[in-house]
Amino acid sequence: MMSSHEAWSSIYTRVYFGYTRMYRWLVSSTLLELLQRLQSVQNAAARLVSGAKRLDHITPVLRQLHWLPTCGVQGGGLDVQGCPRASTVVPGR
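For the sequence shown, numbering that gives the first Met the number 0 begins at 0 and goes up steadily by one.
Note that these hints are calculated values from the structure, not bench results.
Don't take each hint at face value.
So the derived label-pair ranges between C-beta atoms look like this [to be verified]:
hint, residue 1, residue 2, range
1, Arg13, Arg62, 46 to 54 Å
2, Leu64, Met21, 36 to 44 Å
3, Pro59, Ile10, 50 to 58 Å
4, Thr58, Ser27, 21 to 29 Å
From the three backbone atoms N, C-alpha and C, an ideal C-beta is built for every residue, glycine too.
Make a model of the complete structure from these sequences and hints.
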């Protein structure tokens, strides 16, 4: 039989991890949505600047404009650990 302390500890743990999972899901889905919107704006700006049509592939246009990330790109994904942090980037170097 569980003691009162063990029971409350078990309940607290379940609630805490439930909220933690929910918070992580909420943050990740919100960030994903923001990144998708940002990418859409970037693609539209690239088409406007380059004169590309709506149905043209955007990746060559982004490469031509040098608007693709140059660090940590592997297999279509971005490896954030491979990129320098904003605080370590020195302008003009």
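Hint check:
1. Arg13 - Arg62: 46 to 54 Å: Check passed, 49 Å falls within 46 to 54 Å.
2. Leu64 - Met21: 36 to 44 Å: Between Leu64 and Met21, where Cβ atoms are some 39 Å apart, the hint holds.
3. Pro59 - Ile10: 50 to 58 Å: Since Pro59 and Ile10 have Cβ atoms about 56 Å apart, the given range 50 to 58 Å holds.
4. Thr58 - Ser27: 21 to 29 Å: holds, 25 Å
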